[in-house]
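Trainee: Residues per chain, in single letters:
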Amino acid sequence: MPAVNERFTVYCFLASYAIAFALEVLHFLRPRPIVRLLSLVFGAAGLLAQSLFVAVRPLDLASPFGSLVLLAWILAVFYLYGSIHHARLAWGLFVLPLVLGLIGLAEIAPAGPEPSNGGTSLWTSMSPSWGLVHGALLLLAAVGLSVGFVASIMYLVQVRRLRAKLAPGQGVRLLSLERLEEMNRRAILWSFPLLTAGLLAGIVLQLQHGAFLVGWSSPKIIITAGLWVVFAIVLYLRYGVHARGKQVALLTVIAFALLLIALVSVHPFVAGGGP
Amino acid sequence: MMLLAVGCNYRQTPIAVRERLAFTGPKLDLALDELSARYGCETAIVNTCNRVEIYLGKNDAQEAPDVHLIEEFLIQFHQLGGLDLHPYLVHYTGPDAVKHLFRVASSLDSMIVGEGQISGQVKQAYELAQERATLGPLLRALFQHARIVAKRVRSETGISRGHVSVSSVAVDYVRQVFGHFGDKTILVIGAGKMGELTLRHLKALKPQRIWVTNRSPEKAAEVAHGCAGQAIPWDQLDDALGRADIVLSTTGAPEPVVDRRRYKDILARRTGGTVVILDIAVPRDFDPDIHDGDRTCLFNIDDLKRIREQTLQERQKHVSPAEAIVEQEVKRFLGKWQQRQHVPTITKLTQDLEARRQAILTELFRRLNGKLSEADRGQIEGAFRLLQNQFLHGPISALAEDSPEAKHHTLLEALRKLFRLEE
Numbered sequence: 001m002p003a004v005n006e007r008f009t010v011y012c013f014l015a016s017y018a019i020a021f022a023l024e025v026l027h028f029l030r031p032r033p034i035v036r037l038l039s040l041v042f043g044a045a046g047l048l049a050q051s052l053f054v055a056v057r058p059l060d061l062a063s064p065f066g067s068l069v070l071l072a073w074i075l076a077v078f079y080l081y082g083s084i085h086h087a088r089l090a091w092g093l094f095v096l097p098l099v100l101g102l103i104g105l106a107e108i109a110p111a112g113p114e115p116s117n118g119g120t121s122l123w124t125s126m127s128p129s130w131g132l133v134h135g136a137l138l139l140l141a142a143v144g145l146s147v148g149f150v151a152s153i154m155y156l157v158q159v160r161r162l163r164a165k166l167a168p169g170q171g172v173r174l175l176s177l178e179r180l181e182e183m184n185r186r187a188i189l190w191s192f193p194l195l196t197a198g199l200l201a202g203i204v205l206q207l208q209h210g211a212f213l214v215g216w217s218s219p220k221i222i223i224t225a226g227l228w229v230v231f232a233i234v235l236y237l238r239y240g241v242h243a244r245g246k247q248v249a250l251l252t253v254i255a256f257a258l259l260l261i262a263l264v265s266v267h268p269f270v271a272g273g274g275p
Numbered sequence: 001m002m003l004l005a006v007g008c009n010y011r012q013t014p015i016a017v018r019e020r021l022a023f024t025g026p027k028l029d030l031a032l033d034e035l036s037a038r039y040g041c042e043t044a045i046v047n048t049c050n051r052v053e054i055y056l057g058k059n060d061a062q063e064a065p066d067v068h069l070i071e072e073f074l075i076q077f078h079q080l081g082g083l084d085l086h087p088y089l090v091h092y093t094g095p096d097a098v099k100h101l102f103r104v105a106s107s108l109d110s111m112i113v114g115e116g117q118i119s120g121q122v123k124q125a126y127e128l129a130q131e132r133a134t135l136g137p138l139l140r141a142l143f144q145h146a147r148i149v150a151k152r153v154r155s156e157t158g159i160s161r162g163h164v165s166v167s168s169v170a171v172d173y174v175r176q177v178f179g180h181f182g183d184k185t186i187l188v189i190g191a192g193k194m195g196e197l198t199l200r201h202l203k204a205l206k207p208q209r210i211w212v213t214n215r216s217p218e219k220a221a222e223v224a225h226g227c228a229g230q231a232i233p234w235d236q237l238d239d240a241l242g243r244a245d246i247v248l249s250t251t252g253a254p255e256p257v258v259d260r261r262r263y264k265d266i267l268a269r270r271t272g273g274t275v276v277i278l279d280i281a282v283p284r285d286f287d288p289d290i291h292d293g294d295r296t297c298l299f300n301i302d303d304l305k306r307i308r309e310q311t312l313q314e315r316q317k318h319v320s321p322a323e324a325i326v327e328q329e330v331k332r333f334l335g336k337w338q339q340r341q342h343v344p345t346i347t348k349l350t351q352d353l354e355a356r357r358q359a360i361l362t363e364l365f366r367r368l369n370g371k372l373s374e375a376d377r378g379q380i381e382g383a384f385r386l387l388q389n390q391f392l393h394g395p396i397s398a399l400a401e402d403s404p405e406a407k408h409h410t411l412l413e414a415l416r417k418l419f420r421l422e423e
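Chains as they are written, first to last, in the numbering used here: chain A, 1 to 275; chain B, 1 to 423.
No lab work stands behind these hints, which were simulated from the structure alone. C-beta atoms are modelled at their ideal positions from N, C-alpha and C, and glycine is treated no differently. Check the hints yourself; a few may be wrong.
[What the hints assert, rightly or not] DEER-style ranges, computed between Cβ atoms: (1) Lys151/B with Gly104/A: 19 to 29 Å; (2) Arg200/B with Leu59/A: 53 to 63 Å; (3) Lys305/B with Val253/A: 16 to 26 Å; (4) Thr9/A with Ser373/B: 51 to 61 Å; (5) Glu63/B with Ala87/A: 31 to 41 Å; (6) Arg269/B with Gly226/A: 50 to 60 Å; (7) Gly182/B with Arg186/A: 13 to 23 Å; (8) Gly182/B with Val253/A: 29 to 39 Å.
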């Protein structure tokens with residue numbers, strides 16, 4: 001009989017989320033309460049399977065697989081909460097593709113080198129507490145940015161609908177522009193300090209490791225720094241020059257693209273993963 | 001089952017006649033009581049501005065009262081001597097009456113298909129009849145089922161999606177842009193009559209403040225007074241536009257009040273979020289090119305009317321699926337009603353067999369007194385119960401499968417069907 005952790009594979013929850021998404025699309029095309037309910041049931045089943053997967057398998061936050069699966073897991077909670085809280089909106093149509101995409105990316109992303117010292121990465125072995133702080137802060141920042149990304153995509157769709165003067169009751173039902181902008185603003189406001197603190201924790205890690213100048217040319221570090229700069233620009237535009245709406249939404253989408261590249265890049269602190 | 005629906009509606013009957021046939025105020029209570037007493041039927045009346053319909057039902061009768069009698073009742077009750085109601089009245093009986101009520105409740109028979117008021121009005125008719133104790137099992141079940149059908153049609157089709165009044169469409173657009181209104185400012189430009197209804201709808205959103213401006217300060221003050229707003233001078237229009245969140249423009253100006261260049265300057269100074277401009281003036285007050293769907297959402301009267309027309313057309317696409325739901329539900333209701341009629345027979349049959357089984361077992365155990373263990377007695381009782389259940393299974397299943405359209409059987413065929421002899 002296979003062990004519990006072998007029974008929960010990525011495909012268990014990937015399939016559940018895919019069915020939930022297909023049902024969301026079906027519900028959008030032909031609204032039926034039962035289809036909506038089934039979609040929620042499959043979404044919840046996927047979340048349960050993924051929770052068990054996360055619980056029984058130690059995931060390394062420094063690896064692309066670990067960070068992407070954990071990010072997808074938190075966003076799946078966000079999906080389920082949103083789908084219940086905003087039952088009349090097309091929430092799942094926007095959040096589920098992101099969850100599915102992140103899990104898919106986790107499967108195809110480079111696995112990174114195998115941990116060299118007894119099952120733990122160099123990242124965790126060299127300074128577990130700072131490593132955890134660094135990883136957790138960046139993960140939370142990624143969650144915030146992902147929420148901001150979803151809000152931005154919804155915002156851009158809503159702007160498109162309004163520009164075309166489509167009938168309010170037709171097509172996808174979304175939050176108002178104001179609510180979506182607020183959601184994006186809050187997500188960025190939460191993410192920026194977390195990202196900054198995560199980067200500072202990374203610097204402390206480098207210093208503790210005694211190799212402050214090592215690894216700076218790593219794509220992961222360069223892209224993460226670039227992400228921080230984009231974030232700073234977004235905040236300046238929002239609060240410095242009172243830019244609103246589409247401009248901020250587009251920059252958030254760019255920041256999310258950078259985040260994805262940073263997440264799939266191999267961490268320089270992982271043994272063999274440096275430049 | 002006897003079921004009759006008699007009445008008039010906007011299709012056949014002009015408003016002048018509908019007005020005279022309407023059961024207003026205490027007349028409705030009186031009519032319910034009188035109809036119920038006169039014909040010994042369950043009675044309900046659906047009374048709206050577009051229809052007056054009387055529903056009569058009786059479970060243990062087959063013949064409906066003559067429609068001419070109801071016509072006479074209406075003439076007497078409303079004192080319409082000399083008026084020939086015959087051309088105006090429509091009537092439905094049996095399954096057609098069921099279908100008619102389901103179509104009415106689902107707003108398929110409404111002047112504006114998909115309107116939401118009618119299901120509430122059908123509910124009111126039910127509640128009033130319930131209050132007057134003129135409902136019985138048939139109409140109670142029928143009206144309750146009508147509400148289920150209306151709900152199903154609303155949730156499973158897009159028939160009630162969108163709004164069909166210009167003011168409601170305007171508010172729908174405003175809601176697509178803003179999530180809360182307690183901190184919003186509405187600016188009303190001009191004092192056109194056309195804007196009154198829209199302003200009333202916007203006011204219902206409970207904005208923080210309403211500003212009114214007009215070339216004539218007196219008119220501005222008058223409109224501001226009417227909507228609990230604040231009049232502001234016409235020369236502060238640009239400043240107000242830079243600070244307002246929702247603009248309702250209804251001037252009678254022959255030229256656009258705000259052209260593109262002027263608006264660009266206003267927008268450059270603006271620090272707030274998106275502004276929604278509802279330009280319902282003809283000729284238009286704002287240059288249509290300022291609309292970008294992001295910082296400025298401009299909707300003019302043609303946009304709002306186009307959405308209303310689109311919504312009505314879109315609703316038409318959902319009529320056919322809605323009619324299919326109604327057909328399904330009519331069959332379901334009639335089937336359930338038919339089965340409900342069988343309940344007393346099934347109960348009697350079960351009780352009768354139960355009594356016979358008990359009598360036979362009592363006699364058997366008396367004869368075999370002392371020769372049976374408790375286990376033996378249990379087994380015999382179980383075997384008899386099994387036999388009884390197997391015996392009843394055929395007739396009960398046959399009744400459950402029975403439908404109003406089922407063909408009549410000969411005695412022999414019925415026997416085969418009841419006891420599954422053909423299987």
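Trainee: Hint by hint, say whether it matches the structure.
Mentor: For each hint, the structure was consulted:
no. : hint                               : in the structure
1   : Lys151/B with Gly104/A: 19 to 29 Å : violated (39 Å)
2   : Arg200/B with Leu59/A: 53 to 63 Å  : holds (57 Å)
3   : Lys305/B with Val253/A: 16 to 26 Å : violated (36 Å)
4   : Thr9/A with Ser373/B: 51 to 61 Å   : holds (58 Å)
5   : Glu63/B with Ala87/A: 31 to 41 Å   : violated (49 Å)
6   : Arg269/B with Gly226/A: 50 to 60 Å : violated (34 Å)
7   : Gly182/B with Arg186/A: 13 to 23 Å : holds (19 Å)
8   : Gly182/B with Val253/A: 29 to 39 Å : holds (31 Å)
The structure is inconsistent with the numbered hints 1, 3, 5 and 6, although it conforms to all the rest.
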